[in-house]
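Peer 1: What follows is each chain in one-letter form.
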Amino acid sequence: AQKVTQAQTEISVVEKEDVTLDCVYETRDTTYYLFWYKQPPSGELVFLIRRNSFDEQNEISGRYSWNFQKSTSSFNFTITASQVVDSAVYFCALVLGGSYIPTFGRGTSLIVHP
Amino acid sequence: KAGVTQTPRYLIKTRGQQVTLSCSPISGHRSVSWYQQTPGQGLQFLFEYFSETQRNKGNFPGRFSGRQFSNSRSEMNVSTLELGDSALYLCASSPGTGGARTEAFFGQGTRLTVV
Numbered sequence: 138a139q140k141v142t143q144a145q146t147e148i149s150v151v152e153k154e155d156v157t158l159d160c161v162y163e164t165r166d167t168t169y170y171l172f173w174y175k176q177p178p179s180g181e182l183v184f185l186i187r188r189n190s191f192d193e194q195n196e197i198s199g200r201y202s203w204n205f206q207k208s209t210s211s212f213n214f215t216i217t218a219s220q221v222v223d224s225a226v227y228f229c230a231l232v233l234g235g236s237y238i239p240t241f242g243r244g245t246s247l248i249v250h251p
Numbered sequence: 053k054a055g056v057t058q059t060p061r062y063l064i065k066t067r068g069q070q071v072t073l074s075c076s077p078i079s080g081h082r083s084v085s086w087y088q089q090t091p092g093q094g095l096q097f098l099f100e101y102f103s104e105t106q107r108n109k110g111n112f113p114g115r116f117s118g119r120q121f122s123n124s125r126s127e128m129n130v131s132t133l134e135l136g137d138s139a140l141y142l143c144a145s146s147p148g149t150g151g152a153r154t155e156a157f158f159g160q161g162t163r164l165t166v167v
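Top to bottom, those sequences are chains A and B. First residue of the first sequence: 138, per this note's numbering; consecutive thereafter. First residue of the second sequence: 53, per this note's numbering; consecutive thereafter.
Just so you know, these hints were derived from the structure itself, not from any lab. Treat the hints with caution; some may be incorrect.
As the list claims (entries may be wrong) - Beta-carbon label-pair distances, calculated as ranges:
#, chain 1, residue 1, chain 2, residue 2, range
1, B, Gln106, A, Arg165, 25 to 33 Å
2, A, Pro251, B, Glu104, 47 to 55 Å
3, B, Asn111, A, Asp166, 35 to 43 Å
4, B, Gly55, A, Glu147, 22 to 30 Å
Claimed, not checked - Here are some chain A residues pointing at chain B (derived, C-beta under 8 Å):
#, residue
5, Ser179
6, Leu182
7, Phe184
8, Arg187
9, Phe191
10, Val222
11, Ile238
Every residue, glycine too, gets a C-beta built ideally from N, C-alpha and C.
Okay, chain A solo, but in the shape it has when bound (with noise of 0.2 Å):
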C-alpha cells in the first residue's frame, strides 16, 4: 500500500528565509505521479505541482522549487525568501497510475512571521 510522510508537522521562519518542506513517499509501483497542494486559512487546496515518476527533472517556480529524487523517494518542496503570504498548510500527494485515489500527507503548517 502507498504512504506519503511529511513528518514536519509546523514549521516557523522569518520572513526572507529560505525554507524547505520535506515530503517521502513509499510505493512499488512504477507509475505514480507526485502532487503539492497549498491550503490557507480560507480552506482550498491550491495546485502547486505535478510530477510523474518518468519524469526527475527538478523544477523551479518563482520562489518555489522542487526536487524529485527517486534514489530517496522523496519530493521536496523549497521556498526562497519566503513571504508572510507563505503561510499555510502544505500537503503532499500521490496518485498511483493505475488509480485515481490519491493518498495525502498530513500536511506541514507554515507559519512566516513579519
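Got chain A sorted already, so can you dock chain B onto it with the hints?
Peer 2: Relative to chain A, chain B alone:
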C-alpha cells in the same frame, strides 16, 4: 471562469440526521471528487464521479453516498450522522479524464458540525 463552488459553507446538524452537500465544478470539468478533512485522520478521499458515474470510492461506510448530474454538478449525502462526521468536506474538479492524476481545483469546502 468561475471556480469550484460548494454550498453551504457551514452546517450544523444533530446526530442521526442526514445532510446533503452540493458542489458545482468548473465549467467543462467532468470529474468531481469529494474529500473529508479532519484533524485526526487528515485528508481522505471519499469518492469520485466522472460523467455521472461513480468511478472510485474510498474506504468510507455506506452512509456516505453521492451522485453527479448531467451538468456535472455533484452532491454528497451523509445519512444517520455521527459526531465523528464533523469535518471539512472538500470538493474538487479536474479537467479531462485523468481525475486526481491531473491538476485538481478545489472549492472552499463545507464545514459540517454534528452535535
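Peer 1: Could you say whether the range 47 to 55 Å given as a hint is met by the Cβ separation of proline 251 of chain A and glutamate 104 of chain B?
Peer 2: 48 Å, holds
Peer 1: Are glutamine 106 of chain B and arginine 165 of chain A spaced within 25 to 33 Å by their CB atoms?
Peer 2: Check passed, 27 Å falls within 25 to 33 Å.
Peer 1: Double-check isoleucine 238 of chain A for me: the hint is only fine if its C-beta lies closer than 8 Å to a C-beta in chain B.
Peer 2: Status holds, d = 5 Å.
Peer 1: Should the hint that leucine 182 of chain A touches chain B count as held when the rule is a Cβ pair under 8 Å?
Peer 2: With a minimum Cβ separation of about 4 Å from chain B (threshold 8 Å), the hint on leucine 182 of chain A holds.
Peer 1: Close enough to count: is the Cβ of serine 179 of chain A nearer than 8 Å to one in chain B?
Peer 2: 6 Å, holds
Peer 1: Using the beta carbons of asparagine 111 of chain B and aspartate 166 of chain A, state whether their distance is inside 35 to 43 Å or not.
Peer 2: 19 Å, violated
Peer 1: Is the hint on valine 222 of chain A kept, meaning its closest Cβ partner in chain B is under 8 Å away?
Peer 2: 18 Å, violated
Peer 1: Minimum Cβ distance from phenylalanine 184 of chain A to chain B below 8 Å?
Peer 2: Hint on phenylalanine 184 of chain A: holds, closest Cβ of chain B at ~5 Å, below 8 Å.
Peer 1: Next item in the hint list is arginine 187 of chain A. Is there a CB on chain B closer than 8 Å to its CB?
Peer 2: 6 Å, holds
Peer 1: With a cut-off of 8 Å on the beta carbons, see whether phenylalanine 191 of chain A makes it to chain B.
Peer 2: 13 Å, violated
Peer 1: Confirm or reject the claim that glycine 55 of chain B and glutamate 147 of chain A have a C-beta distance inside 22 to 30 Å.
Peer 2: 28 Å, holds
Hints 3, 9, 10 from the earlier list are contradicted by this structure; the remaining hints agree with it.
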